[in-house]
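Asks: Residues per chain, in single letters:
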Amino acid sequence: MSASLDEFVAAGPWPLRVVIRALLPLARRPRGRALLRLVTGADQALGGVAAMGYYDQPDVARRLGWDADAVIARGRALRREEGRP
Amino acid sequence: MSTIYADACVIGAGAGGAVLAAELAEGGAKVVVLEQGPEHRADDFTARPPQMLARLYRDGGQTVTLGNPPVALPLGRGIGGTTLVNSGTCFRTPAHVLERWRRERGIELDDVLLDRCFARVERSLSVSEVEPELAGRNAAVVRRGAERLGWSHGYLKRNAKGCVASGVCAFGCPTSAKQHTGITYIPRARAAGAQILSGTDARRVLVARRRVRGVVTRAPDGSRLDVKAPRVVVAAGTIHTPLLLRSSGVGSGSGQLGRNLSLHPATAAIARMDEEIDMARGVPQSFYVDEFATEGIMFETIAGPPAYVAMSLPLNGRRHAEVMSSYPQLAQLGLMVSDRSGGSVHRVGRRPVIRYDLAAEDLEKFRSGLTRLERLLRAAGAREVYLPLPGGVTPERARAQDLRLMAFHPLGTARADARPDRGVVDGGLAVHGVAGLYVADGSVVPGALGVNPQLTIMALATRLAFDLLEAPCPS
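Read top to bottom, the protein sequences are chains P and X. FYI, the numbering for the first sequence is 34 to 118, going by this note's numbering. FYI, the numbering for the second sequence is 79 to 553, going by this note's numbering.
So here's chain X without its partners, still in its complex pose (with noise of 0.2 angstroms):
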């Protein structure tokens, strides 16, 4: 066994941790990051979905969720965490969430303080509006559609530099045109003498007398590796950082360890047109429609090459050989819903098992917005609409388990709540009981946001860092 010192200790090196390992370090902390997963490298990135699925995605993309209907629920795993293939999309928190976090939660934000973080992520991940030009074809066709409609909507902001729309996002980025933590924040932190160890698994938080000590991991070659730290940020992401509360026997005081778990439970149609389209030339999200925003309804542009599209079209056999071949003519566009389910995560033997059902409300938002993304498509001048259910059913009579779903932006397992009854952090991100442990991933946030909340996280960790260094955040 050997044991590293530290001022702080980072579990995770995706959007919370990432930020986390960089900013302390800069601040003058001696930080070490454990990280489970490989660190990637944009040379050993193919355009190939099953094989990157295979390399970039926990269990290789296909972590499904247990319930009515079951749900695709891809995660990215490695250095840079989800933020290395997701599409870039970046929204500040909605400032209705903020007001719902603090009627609901008692969580006081600093409006000016977040706006800093907010300003300061952004500037760190050149966060700027897709050109219309670099959207593609896909967005124009939306777009046509929206304006034909009058229904609110725009070009997507994300953290791009320098992208040549190669239409992989989720599949790694082969220009590094996209921000992701691993070729931002990892970097910066690295450069401050921060410690990063990937391949790293973290078993188990130290706590002695209700205060941290540090982490218990498991290094590469399988031998065991302490890490001494007065303080310990949590930051393995919505399905795994409860689980790690959990066998560490911290967090569960309030009984919400775990629950609350929220989605962006999402499906898209596909839509056959007369012009040439060609989806992968162009940023595959790049365009939004928020229209129906108010209801939890939010329908974004995906695109990605055959392979992708092939895996989604919701036809069979020769209907759907013959579709494919019109790829070029393919448009596509997704439908997200602001879920009221709530779920939960568990663990059997060594791996997290996540329950959820969709409820009763939430079928209600898909079956209207199908019933609208069709509406949208046709407006645009499709000839022929692929919703995702089965032959013969109409979007008014889908059922839950009629619905093909994946589903992104896993939250709130380990909510944020300034009452110690009643969540796992206070509004600080600090562990309710347990003195120098912090959480700072998608698991702290309470309930959806209704965008895409990676800035949120961001912005979060960033927060904590300034009040861990006890400095202010600059402007």
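Pulled out of the complex, with its shape left as it was, chain P reads as follows (with noise of 0.2 angstroms):
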């Protein structure tokens, strides 16, 4: 889990926590979400926090032309020319 991810799961409330940390390794392969596909709901959540741990990664956004450094950049060098807070 890329440290990101972690940071998200480790923010939430505790009983999910635990659930995300124990299914997540499910929800990457394809017979692990056939049985999270068992539980309503669970299949959609756990696939969409590894989909969104997957494309946060900054090679793989850039890759879709999304460059969230770049961005950063831009706001800072603005906030830093306007006076913005």
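For the record, the hints were derived by calculation from the structure and aren't laboratory data. Some hints could be false.
What the simulated footprint calls covered on chain X by chain P, stretch by stretch (three residues with Cβ under 8 angstroms from a Cβ of chain P suffice, anywhere in the stretch; the number is not a length) [stated by the list, open to error]:
1) 151-165
2) 241-248
3) 384-395
Where a beta carbon is used, it is the ideal one built from N, C-alpha and C, also for glycine.
Got two chains here, each in a separate frame; can you build the complex from them with the hints?
Replies: Okay, structure coming up:
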């Protein structure tokens, strides 16, 4: 799990945190997803969390045209130039 | 234990609390603001959804209701509250809603005064309509679809100044263009001498002989800190305000405290277009379609970086990866329902538990809303539309448990009603039966608005502030 996704999971309420940590590995495998489909909503929810973690990786996101570091750098420069908070 | 003395203690620094704090302090009152969360600085924003959810949202944005279906309810936490992480959309309270408050709740609002309060808030937040070029191509797609179908639509008004469409309103604005209360009202409150205590947890409102005396808090170092004040305004938000009032033994007389929870349950469809959209380059929430607003159905554009879209794309495995590989061609449109369902908020241990079941009437709104959403996206030229439903389930046959819902704008858990046996606060937002105690957040709003509520909450807070100052709201 990436540091960013780990931070997200750690911020959740503890019962959810335990469930996500236990079941997230299943959401990354086709057979695991099939098992999760037996529980209403679990497949989509955990699949969503896994997908968010994957596409949050800077190199993956950059390939799709999204560069978070560049967005932040532009914001920082603009705030400095214009004296924004 | 230490004690601070003030003229007014405000609990919460979001839409309601920050406005109260600034207006009262500028009016000459000695004000203390208690905010449970931290103060966030733009320098700490990363534009990465998982990190920002973890840092800016309560429970990392993973608050979920219990019921059918479970609904994710993201809430901001810290100075600015949810105004820090919302999309910045600004609507005044619709006239038909104000009329309903008068008719059903006996709340008489002076139209001229309310208009002044709205205008004052809009000036403070630099509210203006989104420029089409800033709205981006996601909005252009939706506009094209609405125009082809002849559906009523428009660009949204937002509280943004110098926006460059960073595309991450919900994850902390990196340019500080969004005028959330943490960079508008809170600095004004500070400049006027208000004491802003972040990381300070209000535990109990002190009441003796039916009059408020102050607030018991837990300071960041764990020590007890009491604020003694003849006026206390609770603005902890729709989920936490009723819990604080209940644990303080006040506000329960009507039996309505914690009940009547209203949400705007929402979902979204994603469309694959032939053209380049690049949805993160544009204001995420910039355009609306209100053709079906009278039915309680509203469409608003939403957008975000790949991580955000990947989370909501209702596909699996290779199919998910294949569609995500065309992220630059994806467009997204949200569907928001003005609910009639009604939930409740309870406390289990130190945590809120939110009960909410989608009513049959609201399920019907989702069924027709999703059908229309697909129609609009197809009319705009979508090659494929991905509805938030399990494979093989059509909108007409969707059951509540098939829907993937998020909800926004919780309201109503300490609702206003002129009658003490029907509401927690009166039309002036004073808690029935307790002198000096007020509520100024979404919890007082009786029922769904059908539009984003931040302006309503701020205007009501402005009105309360000038009532407390016994001064007219400047025109």
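Asks: Each hint: holds or not?
Replies: Comparing the hints with the structure gives:
no.: 1; hint: 151-165; result: violated (count 0)
no.: 2; hint: 241-248; result: holds (count 4)
no.: 3; hint: 384-395; result: holds (count 11)
Of the numbered hints listed earlier, the single one contradicted by the structure is hint 1.
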